[in-house]
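**Student:** Residue-level listing of the chains:
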Amino acid sequence: MPRVDLSQGRRLPSPMTMIIICYPDYGELLMKAQPKQRPRTLADLLPGQTGVIATIEGDPELRTRIQSVGLRPGRHVAVIRRSRFGGPLQVRLGTSDLVIRPQQAAHIMLA
Amino acid sequence: MKRIALLGMPNTGKSTFFNRLTGASAKVGNWPGITVDLLSARILLGTEMVEVVDLPGVYNLHGFAEDERVARTFLEEQPVDLLVVIANATQLDRQLALVLQLQALGQPMVLLLNMIDEARRLGIQIDQGRLSQELGIPVVAISAKHGFGMGKAREAITQALRSAHPPRHADIEKTFSEDDAIEARLEQVFSDTVQVPLTATDRFSDRLDRLLLHPWFGLPLFFLAMLGMFEAVYTLGAPLQDGVAWLLEVIKRDAMEPVVAGWNPLMQSFVLDGLFDGIGTILSFLPIIVLFFLFMAIVEDSGYMSRAAFLMDAFMSRLGLDGRAFVMQLMGFGCNVPALMGTRVMRSRGLRLLTMMIIPFSLCSARLQVFVFFTTAIFEPWAAPLVLFSLYLFSFGAAFLTALIYRRRLKATEPLLLELPPYRFPTLRQMWLRGWREVTHFLREASGFILLGVVLVWALTHFPTNVPVASDQTLAGRMAALFAPVMEPLGIDNLMTIALLFGFVAKEVVLGAMAVIYGAGEGELAGIVGRNIDWVQAYSFMLFVLIYTPCLSTVAVLKQESKSWRFTALAVGWPLMLAWVASFIFYQTARWLGF
Chain F
1 MPRVDLSQGR RLPSPMTMII ICYPDYGELL MKAQPKQRPR TLADLLPGQT GVIATIEGDP
61 ELRTRIQSVG LRPGRHVAVI RRSRFGGPLQ VRLGTSDLVI RPQQAAHIML A
Chain D
112 MKRIALLGMP NTGKSTFFNR LTGASAKVGN WPGITVDLLS ARILLGTEMV EVVDLPGVYN
172 LHGFAEDERV ARTFLEEQPV DLLVVIANAT QLDRQLALVL QLQALGQPMV LLLNMIDEAR
232 RLGIQIDQGR LSQELGIPVV AISAKHGFGM GKAREAITQA LRSAHPPRHA DIEKTFSEDD
292 AIEARLEQVF SDTVQVPLTA TDRFSDRLDR LLLHPWFGLP LFFLAMLGMF EAVYTLGAPL
352 QDGVAWLLEV IKRDAMEPVV AGWNPLMQSF VLDGLFDGIG TILSFLPIIV LFFLFMAIVE
412 DSGYMSRAAF LMDAFMSRLG LDGRAFVMQL MGFGCNVPAL MGTRVMRSRG LRLLTMMIIP
472 FSLCSARLQV FVFFTTAIFE PWAAPLVLFS LYLFSFGAAF LTALIYRRRL KATEPLLLEL
532 PPYRFPTLRQ MWLRGWREVT HFLREASGFI LLGVVLVWAL THFPTNVPVA SDQTLAGRMA
592 ALFAPVMEPL GIDNLMTIAL LFGFVAKEVV LGAMAVIYGA GEGELAGIVG RNIDWVQAYS
652 FMLFVLIYTP CLSTVAVLKQ ESKSWRFTAL AVGWPLMLAW VASFIFYQTA RWLGF
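Same order as they appear, the protein sequences are chains F and D. In this text, residue positions in the first sequence follow the working numbering: the first is 1, and each later residue adds one. In this text, residue positions in the second sequence follow the working numbering: the first is 112, and each later residue adds one.
No lab work stands behind these hints: they were computed from the structure. A hint or two may mislead.
List time: in silico EDC-like cross-link candidates among lysine to aspartate or glutamate, alpha-carbon distance up to 20 Å [unchecked claim]:
id : chain 1 : residue 1 : chain 2 : residue 2
1  : D       : LYS674    : D       : GLU177
2  : D       : LYS522    : F       : ASP59
3  : D       : LYS522    : D       : GLU177
4  : D       : LYS522    : F       : GLU61
Bear in mind the structure is a predicted one, so any value in this text is a computation, not a measurement.
So that you can see chain D by itself, here it is in the shape it has in the complex (with noise of 0.2 Å):
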């Protein structure tokens, strides 16, 4: 099969190219030696198969950022028939560069020049004819986003692949040393076949970024903006997983629950409480990673990621991080798991492995729950809201003093330099296209793992099968008591260690399983527990809640997306032991003052 591959500058559309060309068969690929996710997918042009690789973003091919290096690899160690490179039309004076240097390649290449109706705006007039003339490939003007000239890009494309020679690999070291002539020519190019006139620039974009990006209020505009997405992602989020809920039980109560009837009891219990719990874990995600990657097409094609860089970078960059790694932290305060699949906009490896090492302290919804219950059975109404402030200000401190700790040893490769595109919109199409595809992703790479997390935690408080499910006599409580000489020092007894073992696989059941536990239905348990544990023994359970492993499918996608299983030990044996320092210095500092 016939190999195209399709290479571009950041910021050029070209994923929106691929997606329009490919349509939503896609898929994340493995090619060897390359650690980052390539979508490809195999498509009909013409009258044969031809499999199409989306490679990452690069401005220059002999560049040392690992997304150039990516690209590199990719297409020295892979044979390739055709070179498909997008331009954006509206910078050729910066990308005809790349053109030029993919060019001394020798390989065929078709250039395509997207937003053209961007440039045609802004009155940029490009001479197609003679720009292929002197660059001697087919040119294309296309509109990516709104498919036009889509039809004649594939016309070009089939052509072009019809008299390309054999594929073969590309040799880059050798074409190192023709950079310098490429400059020249660059010029001559451009200076003959496009003009641009004096004023080119988005006024829409100048205005509002006067506002956007002020001194003052840039700010505050921003924590705005994030709130107002956070609030519309996790409103229309919680009544749809609510209803993802109800579904589940119904099914599970009238479905399954008359089919296993008959079975012996463990069987039950294992496919019940076990497997369809798990499947109804893995599920309850899907609409919060549908709506969070729905409005992350919005932030990250407005542009408006690039400016939030910009305006909290002063800050952010003290902690080897940078202001995306800001979005994406409190994203992560309504739900982990798609906060950490959105720190795939930084192309540094370092860098987002930092952010995604910071990511798991926010205080997530679900970790909410548990605080809400626990601050309102043990403490005074004047008190609670305070108590929860505080475990916000420990969520933030806890991210910032790792990131302070481990910025030297995941460092930011790549010194901070992007663009600022012009403020747009994406199409409706572009938005779903996305949730659906990080759908899909999780799908395939994550739910296996949590699925067998939920069916281990399932065992570890079923077995052995003679005594009270969750009770100190199975499993979990023997591993309690194992833990007992560690957890004492905290102030948590053995019952809510159980609990904590439950919690790892997801904070939603901790509250069901400390019921579980302590034998009582979830209303009388508000009682139970007042009577049973102190405030200070509660805050230290809090405190131990916020910072340990807030769940089973944020481990899972820690291991999808760093691909790497020491950065996902590293990334939950830290907060575990920073969880245990935290709250044995604030139990014993209690205790010790008389509290």
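Only chain F is shown next, with the shape it has when bound in the complex (with noise of 0.2 Å):
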């Protein structure tokens, strides 16, 4: 079965195209249906998953960003929930909430 990355941000196809494959949410069904698999970075953890950041990856100028909002290794997240059409997701670190794209959040490995 081919691998569905939300990661890699799937290019959607026009606003009309986009309300009619809207209902119901293939994307999610897709994810759900992809066999059981350790999750490797941030992007593929499903909502009520955590994980325990390991490394953060990409360029020094990203990697600084992710850090200085808190996502930092040794951390807990806890993915709240997904936006729909590969929008961001919520990600719970400690007392905090951050909304962050999967673009961004593939870079953050998890242990």
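Dock chain to chain to rebuild the complex, using the hints, since each chain is given by itself in its own frame.
**Tutor:** This is the structure:
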């Protein structure tokens, strides 16, 4: 079964087509259908799942930005919900909630 | 005079504290090398006057975000006597990082733990004494929103200032290498001083989010909320605007006209139709700006803005924008001016400028007047609503097209990484202060520009003085003749071109101008227009009105907010070109099809 990677930011078709495909949310369905696999990055986590940050990859600018909002190695993170159509994730970090796009979340490697 | 710099991460209530400390006396100041507005105020602390500067929220002193660059430039260029750092007491696990980083600069510092009421409600316990001891700086717990602990905070700041060394510039480069050591220390200090219960989340927010961020109901509720706010601002604002218009009319008739009665007619006209109407144009925006920012204060402070970003981001990110841009675009449908000012929540300059490019395409209420008039004058009753609806579609179309074209040039330089704060409600004081500050800012920055423009258009339509006002023989008429080769392919004749020139000042005056031009009362205008132009011409004219420069006030605010003449020229020039192309394609195609 082909792996659906939401983190790569699927190119969406026109807004009209988007409205047509919007119910049901196939992306979410496909994600649930994929075989259970150890999530590798923050972008792989499903709502309700938690992980521990191992490393943060990418260029220094992005790494600094991610770390300075508190997403540092060793911290526990939980995905609360994901926005539809490959939109951002709501991530809980201690007492703070953050919104992060899957493209950036894919740079956060989990232990 | 001694200088205090106010620092903290975004969403720590830093600005609320600043407002508490300084009242409404704050002014937008200019600082060398800094392109964003920084609020500063002079206040009396103890026995001396002190300048307090509110720096933009930063996560990291060594970060690459534009706000972080601004804060860094300020600290490096301007001597500062004391750093006052605001931290959100509920998030010390993240926030102490900045405190430690700032401490490495070696400048005197006071730490304020804000939102202490929220922290207590969540059961978070902070050992203030121990924290102060470990950091070696004064620590005061406050609630800036409710004013709790403000006296102690003032006292601590005054004390620290008294013992401060001579002011210095920060050497931020030097402290770069210490960042790794800070992480270890952060863990240590945090675990020593703060106790967080296992389930320290805001249950109310969680429950509300389950509804408002629901995969199916989230977006419809978002649109409903936006519609509600929109309705509220403009149903409350319209009578206020009418009131201002009525008041101005009364003053003009009963106070101004008798005064200038004996003057020569040209001076009379200049004072009444030039200066006074110019001032009227500026004043008519004030009620809407106040109301808009009262409601914006709710939307921003409630935390719904980041929720909007969460909901709309998937779509808006394809356009190089984010969900917040969509909120502003929607607000622009009432009036573009406050919507442009509202983009200030976006901290990335590229993102902000791109949003400011698309807002003027929002079909504002002033343009709606023109369209309602034309659609009822020219179109059959069954077609009129459809025509109006199609114009709304064109409004969105032009905005999205513009975003697609310019998203590479005006790139958002920061990845979307927002906080989702718990739901809060601003106090009336916060809301009022916001509205007041925006109005004074608008008056100071944009009013001169608007007045100048109105007087210019007055001159164009009143000179030379020996011909009828706004006729073919005036300067405006001659300009229209000059534009004729350009405007004729759009089906727009000379008289309508003069109306477009007027429309550059404000769309509200287009109809009045047409009445003057056709020499008719506004009541008879519909019949005359209906006889003079057909529906293809009318639609082409409406397309042009929709897309070209919305009004002088918008241009003034584009300049005020971007601080760049180049960008302002682009934001005026591009829609003008687009308007021409759209009208051209429409008019020529319709004619070619035989209409």
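**Student:** None of the hints should be skipped; say for each whether it holds.
**Tutor:** We went through each hint and held it up to the structure:
no.	hint	in the structure
1	D/LYS674 x D/GLU177	holds (15 Å)
2	D/LYS522 x F/ASP59	holds (18 Å)
3	D/LYS522 x D/GLU177	holds (13 Å)
4	D/LYS522 x F/GLU61	holds (15 Å)
Violated hints for the displayed structure: none, as all numbered hints are satisfied.
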